[in-house]
Amino acid sequence: MNKNKEQLLNKRYKAEQRFRLYGQSAIFMALLFLTIFIFKIFSTGYSAFQKTWLIVPVNFDAELMMLDENPTKQDIEDADYYEIALQSMWNLDPNANEDQQNQLKRMVSYFFEREIKQELLKDPNLLGKTKEVYLTASDDLDQVFKGNYPRDLPEDQRRVSDYQLKIFDQLVANGNVESKFNISFFTNADSREAELAGIASSFMGSIFSILVCLMIAFPVAVLAAIYLEEFAPKNRFTDFIEVNINNLAAVPSIVFGLLGLGVLLAIFQLPRSTPLVGGITLSLMTLPTIIIAARASLKAVPPSIREAALAMGASRMQTTMHHTVPLSMPGTLSGTIIGLAQALGETAPLILIGMVAFVNTIPGSPMDPAASLPVQIYIWAESAERGFVEKVSACIMVLLSFLIIMNLFAQIIRHKFEKKWS
Amino acid sequence: MRKNGVKMIKIKAKDVDVFYGKKQALFNISLDIEENQVTALIGPSGCGKSTFLRCLNRMNDVIDICSVKGEILINDFNINDKGCDVVRLREKIGMVFQKPNPFPKTLYENVSYGPTIHGIAQSKQEMDEIVETSLKKAALWEEVKDRLHEPGTGLSGGQQQRLCIARAISVRPEVILMDEPCSALDPIATAQIEELIDELKKEHTIIIVTHSMAQAARVSQNTGFFHLGQLIEHGSTDKIFKNPDNKKTQDYITGRFG
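Residue numbers (this note's numbering), protein chains in the order written: chain H, 52 to 473; chain P, 627 to 884.
I should point out that these hints are in silico values taken from the structure, not numbers from a laboratory. Here the structure is a predicted model, which means the values were calculated and not measured. Among the hints, a few may not be true.
Which residues of chain H face chain P? A partial, calculated answer using Cβ under 7 Å [as the list claims (entries may be wrong)]: (1) K173; (2) A362; (3) G364; (4) N411.
Note that CB positions come from ideal geometry on N, CA and C, so glycine has one too.
Take the sequences, apply the hints, and build the full model.
Quick look at the structure:
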């Protein structure tokens, strides 16, 4: 009998130990996946924050630019830069034949003459002189310089020719290739050229969408929550509403996208591809999340506070506005931020309302066409060019840091402003 | 209190029935409450004494399924009438709850809340005076006068309950309802509150629900004994405790049940 008891006790301890082990391994697995994920994103993406420049001597030949002596600012603005741009690239190899000259031109970014123009606009005295100018390298050479390009592939399977590589290696040897922080990744809109593509358009698009979403979803959701929690009678009808709010929170986001497409675009004729429509669509999605969070935090306010206010002769409205709502605000706000963070990462509904369009301008208002960060990731991930691979990861890094900051903010609000009850 | 030998009746309850949904919680309660006296309501748990207390300032309105029938006359005005304004009523009838429930705000804001919403004070100075006198009457002033702008939730349990009393008397109510005000407090804090109740009855009519028969005997002049939703007996505390008419009252007082 006694021995039996001891065996049983041992068994119970063993079971507990095993359970701990399961739990620990579950946490270990989760951390492992997270680490792999972050490492992968980071190792692919960090190089996108660097950009490769070719330093090429440019002869600002007034004749080639069809400029007279003492040109005005407007003349410089209107001058033809293509010829001197071409010449400066061709000068890298004076003996190049026509085909090779073409290849030389393709070693820099498509809009290289603009960079040369900027240089002259900055300093008009350069006219007639030669200066070494920083030109954005083509996305393929950018990848070569970052070591992401498989140089040992047979030439006909590469987008970079042996000839280009030869010239490039010469430039590198002469110290005429430089890597600098990629400012244009943050200031440029999207582009078909990977070396010029940036997140400014999608970043602003996301910000505008989130603001529109916040301005619609927050007041509506908070009012709905306050009414349901503090004023509405508890009957079948309000139960029905409650169930449906919970259902709404579980509706796949693409359905909301279809709603935006069918109602906002088709019936109300709102401008396509804009953060305005995106924000309204996202607000439909965020609404139930905020209502649920707001109701939960209203419920968490002890009834004794309401009783105290009512017994003092406060009206229901005063009780709610003076006591219950201020006390529930930290929870409501952090729920709102979590809801917005969800909306920020949402892709499917935005694709349906056309925010997937190629936008190469930076939106100045919610009425201008824009992309959004997650959609930008989707667009770039679809692109074939090697240069976009690192851009995808870099964009994910930006989006994730945005989300982490928002969630951190939610946590801080919750911990700092939440009242402790006696 | 007697005027010319006649008892002054402040509250007159006539045939009060209370229902929670279909379940009846109070049966036919008729009870007179004397002005400027302490009336204790005693009885075992679930007997309906708190429910009755909450009828007097219509706090049962908050509960959707609760319905009250019968007449409750305060100053000869039926508070269950449609014409009765609850906000006005609760200004006249303050309440102190079982668990201290100060607002999570400063002491000053706690006490000034009632006068603010009812527009009692005309100036900041007047408000300061109201806060000071209320806290003095609640015997809390000396302990907190240097930290009026600290949160009320930082006080001890007994201090919190006195703060709640100060909050209740800040609007100069005619009646104060107390729902087991000492059940969450230690004996010393309880003694302080009981002393306070004795002091308050000079200006207010007090009705106190209590579990402790000793407390009822100590603080009250009149006592009503509730059992299973019925008012079994009521009268002067002396009589109820020493020479009750009803056998059940006798049994409860002597601790045979409850």
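Checklist entry - Against chain P, with CB atoms and a cut of 7 Å, does the hint on N411(H) hold up? => result Interface hint status for N411(H): violated (53 Å vs cutoff 7 Å).
Checklist entry - Against chain P, is G364(H) within 7 Å by beta-carbon distance? => result 4 Å, holds
Item to check | chain P contact restraint for K173(H) - C-beta distance below 7 Å | outcome: 60 Å, violated
Checklist entry - Is the shortest C-beta separation between A362(H) and chain P less than 7 Å? => result Hint on A362(H): holds, closest Cβ of chain P at ~4 Å, below 7 Å.
Against the hints set out earlier in the document, violations occur for numbers 1, 4.
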